[in-house]
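Undergrad: Chain residues, written in single-letter form:
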Amino acid sequence: MKRDNSYFSIVFAVLIIVASWAYCYVSGFGGYKSKAADIDRISDEVKMAQDKYNSLVQTKAAIANNKDLVTNTLVAVAQGSDTENTIAEIEALASAQKLVIPSIQISGETASADATASSDAVTLGFTVNGSFEAINALVKSIEKDVKFMTIDNITMSSTDTGMSATIGLKTYTR
Amino acid sequence: MEPEKNNGGFGSSFGSDNSKPNTTSPMPIPEKKTTSSKDSVLEDLQFEVSKESTNWPVIILWITTAFSLVVVGGLYFMNRSLDQDIAAKTNERNDVVQSINSSDYAAVEKQAKDFKLAATKLIDANNKTVSVGTFLDGFYLKVNSSIQVKNLALASDGTFSFDGVTKNYRSIADESLTLMTWNKLSGVTIGSVSNDLEGKNSSFKFTISGKASFATGEAI
Chain A
7 MKRDNSYFSI VFAVLIIVAS WAYCYVSGFG GYKSKAADID RISDEVKMAQ DKYNSLVQTK
67 AAIANNKDLV TNTLVAVAQG SDTENTIAEI EALASAQKLV IPSIQISGET ASADATASSD
127 AVTLGFTVNG SFEAINALVK SIEKDVKFMT IDNITMSSTD TGMSATIGLK TYTR
Chain B
2 MEPEKNNGGF GSSFGSDNSK PNTTSPMPIP EKKTTSSKDS VLEDLQFEVS KESTNWPVII
62 LWITTAFSLV VVGGLYFMNR SLDQDIAAKT NERNDVVQSI NSSDYAAVEK QAKDFKLAAT
122 KLIDANNKTV SVGTFLDGFY LKVNSSIQVK NLALASDGTF SFDGVTKNYR SIADESLTLM
182 TWNKLSGVTI GSVSNDLEGK NSSFKFTISG KASFATGEAI
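Chains as they are written, first to last, in our numbering: chain A, 7 to 180; chain B, 2 to 221.
Fair warning: there could be bad hints in the mix.
To be clear about the criterion: a stretch of chain B counts as covered by chain A if any three or more of its residues have a C-beta under 8 Å from a C-beta of chain A, and this derived list gives those stretches [to be verified]:
#1 66-80
#2 86-98
#3 141-155
In silico BS3-like pairs for lysine-lysine, Cα to Cα no more than 30 Å straight-line [as the list claims (entries may be wrong)]:
#4 B:K90 x A:K41
#5 A:K58 x B:K111
#6 B:K168 x B:K185
#7 A:K150 x B:K185
#8 B:K168 x A:K153
#9 A:K53 x B:K114
#10 A:K150 x B:K143
#11 A:K41 x B:K143
#12 A:K66 x A:K41
#13 A:K146 x B:K212
#14 B:K90 x A:K153
#15 B:K111 x A:K176
#16 B:K90 x A:K146
#17 B:K129 x A:K150
#18 A:K176 x B:K90
#19 B:K114 x B:K151
#20 A:K39 x B:K90
#21 A:K146 x B:K129
#22 A:K53 x B:K90
#23 B:K111 x B:K129
#24 A:K53 x B:K129
#25 A:K153 x B:K129
#26 A:K153 x A:K73
#27 B:K114 x B:K212
#28 A:K153 x B:K212
#29 A:K104 x A:K176
#30 A:K39 x A:K153
#31 A:K150 x B:K117
#32 B:K114 x A:K73
#33 B:K168 x A:K58
#34 A:K150 x B:K212
#35 A:K53 x B:K111
#36 A:K176 x B:K168
#37 A:K104 x B:K151
#38 A:K58 x B:K143
#39 A:K73 x B:K111
#40 B:K111 x A:K150
Just so you know, the hints here were simulated from the structure itself, not pulled from any lab data.
Quick reminder that beta carbons are idealized off the backbone N, C-alpha and C, glycines included.
Just need the whole structure built from these sequences, with the hints factored in.
TA: Okay, structure coming up:
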């Protein structure tokens with residue numbers, strides 16, 4: 007009877023040992039390593055998220071401190087082609103110099119290399135007649151306008167009544 | 002039967018010589034077993050061997066078992082601790098991500114990206130373009146009074162050419178020299194000159210070309 011108890015206890019102990027090491031092998035060590043790796047990965051993600059959050063907080067403060075600059079820049083380079091507003095703006099600038107624009111040709115949109123932008127620029131062309139001073143003033147007002155425009159080319163010719171200027175300009179979009 | 006004395010070693014009963022008289026001890030010599038059978042001696046020996054051999058292996062076995070249980074327990078609690086750490090870190094990450102994705106910061110991020118894109122285009126275009134207004138102001142001052150400008154063309158890269166009319170070759174040369182002294186221009190050349198006779202008055206047509214290089218707001 008005593009011998010049976012000994013065998014039972016030995017078998018029980020061996021079973022415990024086998025089960026213990028099976029646990030250690032299957033989930034103990036493996037699980038520990040896997041979870042430790044998970045913690046490292048999540049810690050990195052937390053750090054990246056925290057960095058981005060801090061960056062956004064700083065950006066928000068910088069935008070608030072430079073509100074006019076940001077607003078003017080976003081108006082200068084409008085989203086999308088914004089051709090309608092560009093035409094209205096040019097007409098207003100010409101009217102301010104008492105110049106009449108008979109027609110405006112919209113040459114088209116230049117595709118952007120940046121895939122995120124809808125287009126890079128819109129090219130327009132028009133002709134005005136008037137004095138050299140008036141045309142020069144129109145050119146300057148175009149270059150200083152809140153809407154960013156660059157004069158691609160200008161051709162001025164003298165006429166019997168003054169000067170005629172053909173202006174090709176480019177507006178930029180984002 | 003008097004039990005055999007255990008002298009402490011595994012199977013030590015096999016090596017002890019009980020037949021020798023003990024000269025130092027006054028204890029009486031145990032009676033010689035004369036009545037035991039061979040089987041009963043073997044049984045006793047088995048019992049002794051069994052008693053001695055089961056002690057240490059079983060103890061070692063149980064120590065190993067206990068050690069295994071301690072290791073398993075330790076691993077279990079370490080894993081549990083890691084689970085708690087993972088849960089805490091995941092919550093922390095989710096909180097920060099939630100803050101980033103809030104409408105407030107999403108708008109800030111979009112505005113910052115738009116501003117960066119717009120500013121890049123502004124700077125790039127501004128660096129590539131000549132200020133036409135500044136050029137016209139300077140050109141107006143550099144045209145001599147004897148010159149009548151007929152055509153003027155300027156491209157965004159600064160290349161310009163103008164056709165003019167004057168009364169003599171000397172005026173053309175003077176105009177060319179005047180433009181050459183303007184440090185914002187380069188490559189000023191007289192392209193063509195022709196004497197156009199119309200009745201009693203003769204006029205001289207010419208073309209001058211070159212390249213201007215200055216930015217918006219730059220002094221003439």
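Undergrad: Each hint: holds or not?
TA: Each hint, compared with the structure:
1. 66-80: holds (count 9)
2. 86-98: holds (count 8)
3. 141-155: holds (count 8)
4. B:K90 x A:K41: Measuring from Cα to Cα gives roughly 12 Å; hence the hint holds.
5. A:K58 x B:K111: Roughly 14 Å separates the two Cα atoms, so the pair holds.
6. B:K168 x B:K185: holds, 27 Å
7. A:K150 x B:K185: holds, 21 Å
8. B:K168 x A:K153: violated, 44 Å
9. A:K53 x B:K114: holds, 22 Å
10. A:K150 x B:K143: With Cα atoms ~24 Å apart, A:K150 and B:K143 stay inside 30 Å; holds.
11. A:K41 x B:K143: violated, 79 Å
12. A:K66 x A:K41: violated, 37 Å
13. A:K146 x B:K212: holds, 20 Å
14. B:K90 x A:K153: violated, 48 Å
15. B:K111 x A:K176: holds, 25 Å
16. B:K90 x A:K146: violated, 59 Å
17. B:K129 x A:K150: Given pair B:K129, A:K150 holds - Cα atoms ~16 Å apart, limit 30 Å.
18. A:K176 x B:K90: violated, 52 Å
19. B:K114 x B:K151: violated, 47 Å
20. A:K39 x B:K90: holds, 17 Å
21. A:K146 x B:K129: Given that 30 Å is the threshold and the Cα spacing comes to 17 Å, the pair holds.
22. A:K53 x B:K90: holds, 10 Å
23. B:K111 x B:K129: holds, 27 Å
24. A:K53 x B:K129: violated, 41 Å
25. A:K153 x B:K129: holds, 17 Å
26. A:K153 x A:K73: Roughly 17 Å between the alpha carbons, so the hint for A:K153 and A:K73 holds.
27. B:K114 x B:K212: Not OK: B:K114 and B:K212 at ~36 Å, beyond 30 Å, violated.
28. A:K153 x B:K212: OK: A:K153 and B:K212 at ~27 Å, within 30 Å.
29. A:K104 x A:K176: The given pair, whose Cα atoms are some 22 Å apart, holds under the 30 Å limit.
30. A:K39 x A:K153: violated, 59 Å
31. A:K150 x B:K117: Within the cut-off at roughly 21 Å; holds.
32. B:K114 x A:K73: holds, 15 Å
33. B:K168 x A:K58: Given pair B:K168, A:K58 is violated - Cα atoms ~71 Å apart, limit 30 Å.
34. A:K150 x B:K212: holds, 23 Å
35. A:K53 x B:K111: holds, 22 Å
36. A:K176 x B:K168: violated, 39 Å
37. A:K104 x B:K151: OK: A:K104 and B:K151 at ~23 Å, within 30 Å.
38. A:K58 x B:K143: Distance of about 55 Å is beyond 30 Å: violated.
39. A:K73 x B:K111: holds, 15 Å
40. B:K111 x A:K150: With a Cα-Cα distance of about 27 Å, the restraint between B:K111 and A:K150 holds, given a limit of 30 Å.
Going down the numbered hints, you'll see the structure goes against 8, 11, 12, 14, 16, 18, 19, 24, 27, 30, 33, 36, 38, while the others check out.
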